[in-house]
Amino acid sequence: MSVLSSSLHHHPETQPFWSALGERRFLFKACRGCGRAHWYPRAICPFCDSPDTEWRNASGRGVIYSYSIMRVAKPPYAIAYVTLEEGPTMMTNIVDSDLEAIAIGKPVEVAIRKTTDDESLPMFKLA
Amino acid sequence: MSINGMAYIVGAYEHPTRKAPDKSVAQLHAEVALGALADAGLSKDDVDGYFCGGDAPGTGPLSLVEYMNLKVRHADSTNIGGSSYILHVNHAAQAIAAGKCDVALITLAGRPRSESLQKGPPQRTDNPVQPDFPWEQAFGMTTLNAYAMCAMRHMHEFGTTSDQLAWVKVAASHHAQHNPNAMLRDVVTVEDVANSPVVADPLRRLDCCVISDGGGAVIVTRPEIARSLKRPLVKVRGAGEAIKHLSGGDVDLTYSAGARSGPLAFTEAGLKPTDIKYVSLYDSFTMTVIIQLEDLGFCRKGEGGRFVADGNLISGVGRLPFNTDGGGLCNNHPNHRGGMTKIIEAVRQLRGEAHPAVQVANCDLALAHGTGGLLGTRHGSATLIMERE
Numbered sequence: 001m002s003v004l005s006s007s008l009h010h011h012p013e014t015q016p017f018w019s020a021l022g023e024r025r026f027l028f029k030a031c032r033g034c035g036r037a038h039w040y041p042r043a044i045c046p047f048c049d050s051p052d053t054e055w056r057n058a059s060g061r062g063v064i065y066s067y068s069i070m071r072v073a074k075p076p077y078a079i080a081y082v083t084l085e086e087g088p089t090m091m092t093n094i095v096d097s098d099l100e101a102i103a104i105g106k107p108v109e110v111a112i113r114k115t116t117d118d119e120s121l122p123m124f125k126l127a
Numbered sequence: 001m002s003i004n005g006m007a008y009i010v011g012a013y014e015h016p017t018r019k020a021p022d023k024s025v026a027q028l029h030a031e032v033a034l035g036a037l038a039d040a041g042l043s044k045d046d047v048d049g050y051f052c053g054g055d056a057p058g059t060g061p062l063s064l065v066e067y068m069n070l071k072v073r074h075a076d077s078t079n080i081g082g083s084s085y086i087l088h089v090n091h092a093a094q095a096i097a098a099g100k101c102d103v104a105l106i107t108l109a110g111r112p113r114s115e116s117l118q119k120g121p122p123q124r125t126d127n128p129v130q131p132d133f134p135w136e137q138a139f140g141m142t143t144l145n146a147y148a149m150c151a152m153r154h155m156h157e158f159g160t161t162s163d164q165l166a167w168v169k170v171a172a173s174h175h176a177q178h179n180p181n182a183m184l185r186d187v188v189t190v191e192d193v194a195n196s197p198v199v200a201d202p203l204r205r206l207d208c209c210v211i212s213d214g215g216g217a218v219i220v221t222r223p224e225i226a227r228s229l230k231r232p233l234v235k236v237r238g239a240g241e242a243i244k245h246l247s248g249g250d251v252d253l254t255y256s257a258g259a260r261s262g263p264l265a266f267t268e269a270g271l272k273p274t275d276i277k278y279v280s281l282y283d284s285f286t287m288t289v290i291i292q293l294e295d296l297g298f299c300r301k302g303e304g305g306r307f308v309a310d311g312n313l314i315s316g317v318g319r320l321p322f323n324t325d326g327g328g329l330c331n332n333h334p335n336h337r338g339g340m341t342k343i344i345e346a347v348r349q350l351r352g353e354a355h356p357a358v359q360v361a362n363c364d365l366a367l368a369h370g371t372g373g374l375l376g377t378r379h380g381s382a383t384l385i386m387e388r389e
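So the protein lines, in turn, are chains A and B. FYI, the working numbering numbers position 55 of the first sequence as 55, with every residue one higher than the one before it. FYI, the working numbering numbers position 226 of the second sequence as 226, with every residue one higher than the one before it.
Honestly, the hints are just simulated from the structure, not real lab data. Fair warning: this is a prediction, and the values are worked out from it, not measured in the lab. Ideal placement from N, C-alpha and C gives every residue a C-beta, glycine not left out. Where hints are given, some of them may not hold.
Simulated crosslink set (SDA-like; lysine to any residue; CA at most 20 Å straight-line) [claimed, not checked]: (1) K106(A) with S196(B); (2) K106(A) with H156(B); (3) K106(A) with K301(B); (4) K74(A) with S196(B); (5) K125(A) with G140(B); (6) K74(A) with V198(B); (7) K106(A) with D252(B); (8) K74(A) with D252(B); (9) K106(A) with E157(B); (10) K114(A) with L27(A); (11) K301(B) with P273(B); (12) K74(A) with G140(B); (13) K74(A) with D22(B); (14) K19(B) with S116(B); (15) K114(A) with D252(B); (16) K106(A) with F158(B); (17) K74(A) with T142(B); (18) K23(B) with P57(B).
Covered stretches of chain B (chain A as the covering partner; in silico rule of three or more C-beta atoms under 8 Å from a C-beta of chain A) [what the hints assert, rightly or not]: (19) 35-47; (20) 132-139; (21) 246-252.
Please model the entire structure based on the sequences and the hints provided.
Here's what the structure looks like:
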């Protein structure tokens, strides 16, 4: 069982995100009360406490805020914080890219990656 | 109510072991507790308050109070990771000031080295109910790459260099050569650090702390009892605590919760950073020290790299000696939790009991500070300012 599948059933409030991701749609949560987007998605806005939050389609574009290549892993992989065009910064992986070309400030686009037959994760690749 | 002057640290003990394959975790807790009590000149029957963190086996204080057969009227197991014990001194002082206990025992112990947990703290894969779990663990987040991303951003914004990070390790190694219990006693150079392999960009092997078994304990008590004991008086002057996190996606990895806990402690103590003669700083990684120095006000934000360069943290050489026991980078990091040993070395300095080669002259004011949890996601900071009376 993956890390992801062992956890998702505990979090019904974010099930729509994972269902959409399985259909290759990348969603984020924004608040109708204060208008701000947040990450990770929550039922209650972490900025104004409004319960009136809604799912929106993300553009899938962002820029790298920070990253690190895990050299001791085999094979090495890139973890990163990506700042989405919609505002929030999220933890993710940079995939399908030359690891040595990754840099802060570089534009990226979402690359929904299947991790198991029925699970996907929102990762990014250099644009 | 301020805790300034309301409590004293009268006992401190660091377990000499760095690998304890034949001891249980509870046994290590009991050994450090008895060591600290002996140091204070108190007995177990004097203890009426007990404090422990997330390293405590079983149900925290319930299990350990039973194991040690303590009789307490106050207990607290607030867990903010490896800096918990610095926070516990604050909580013990508050409890003493409120009349909830008179003699507080704080313990830390663990044996990850014997249990072969070589990858650092558990990545919390055992807690899928944690709300952030699917958004972090699934991407292969570890302690290593979480801190590395902070270092990468700090370098990007402020021009901090790998050689500047290396100076933190160089200073720790200069101190550790005098500590017979330290795991790494060889003095290293900036070149040695630069030549060690990158483990998670930009951090190299020698930017990381050691993995060790062991532990430590301190005893906190009220002024009247402290004055009745035959030990140098170490007064609690001020303390602060704070928690920082990812703020709903409004991420800034360049500072820590120390930016809030530090000013709280200095205000309570009625002191400023330039008053401090010695600092114990949580050195999980070299970058952790640089960020803490900036957040606590020992230099301006972004100037931590330049501040540590050229040996400025080396006792007898630089103007702010730090971690004179060798710290987590060279001495020990029992159970992946460096907060307790930070208090203990500060107490040694204030008592004049540090190794003569690293003892800071006229060390009357010291600060211990920790960042527990994960610097890059959510962590608790605790700051403690102590004075030799």
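Here is what the structure says about each hint:
For the proposed pair K106(A) and S196(B), the alpha carbon gap of about 28 Å is over 20 Å, so the pair is violated. Only pairs whose Cα atoms come within 20 Å are accepted, and K106(A) paired with H156(B) is accepted, the gap being roughly 13 Å. Restraint check for K106(A) and K301(B): the C-alpha separation of about 25 Å exceeds 20 Å, so the hint is violated. At roughly 18 Å between alpha-carbon atoms, K74(A) and S196(B) fall within 20 Å of each other, so this suggested pair holds.
Distance restraint check for K125(A) and G140(B): the Cα-Cα separation of roughly 16 Å lies within the 20 Å cut-off, and the hinted pair is therefore satisfied. A hinted pair counts as satisfied when its Cα atoms are at most 20 Å apart, and K74(A) with V198(B) qualifies at roughly 14 Å. Under the criterion of a C-alpha separation no larger than 20 Å, the hint pairing K106(A) with D252(B) is consistent with the structure, at around 17 Å. Annotation: proposed proximity of K74(A) to D252(B) is violated, straight-line Cα distance about 29 Å (limit 20 Å).
Annotation: proposed proximity of K106(A) to E157(B) holds, straight-line Cα distance about 15 Å (limit 20 Å). Distance hint between K114(A) and L27(A) is fulfilled; the C-alpha atoms sit about 16 Å from each other, no more than 20 Å. A C-alpha spacing of about 14 Å is found between K301(B) and P273(B), which places the hinted pair at or below 20 Å, so the restraint holds. With a C-alpha separation of about 12 Å, the suggested pair K74(A) and G140(B) falls inside the 20 Å cut-off, and the hint holds.
About 33 Å separates the Cα atoms of K74(A) and D22(B), which puts this hinted pair outside 20 Å; it is violated. The suggested pairing of K19(B) with S116(B) holds, with an alpha-carbon distance near 11 Å, which does not exceed 20 Å. Restraint check: the Cα-Cα separation between K114(A) and D252(B) comes to about 29 Å, which exceeds 20 Å; the hinted pair is violated. With a CA separation close to 18 Å, the supplied pair K106(A) and F158(B) stays within the 20 Å bound.
A hinted pair counts as satisfied when its Cα atoms are at most 20 Å apart, and K74(A) with T142(B) qualifies at roughly 15 Å. Distance check on the hinted pair: K23(B) and P57(B) sit about 13 Å apart at the alpha-carbon level, within 20 Å; holds. Counting residues of the region 35-47 of chain B whose CB lies closer than 8 Å to any CB of chain A gives 0, which falls below the minimum of 3, so the coverage claim is violated. Beta-carbon proximity to chain A at under 8 Å applies to 8 residues in the region 132-139 of chain B; the threshold of 3 is reached and the given coverage holds.
Only when three residues or more bring their CB closer than 8 Å to a CB of chain A does the claim for the region 246-252 of chain B stand; here the count is 6, and the claim holds.
In this structure, the hints that do not hold are numbers 1, 3, 8, 13, 15, 19, in rising order.
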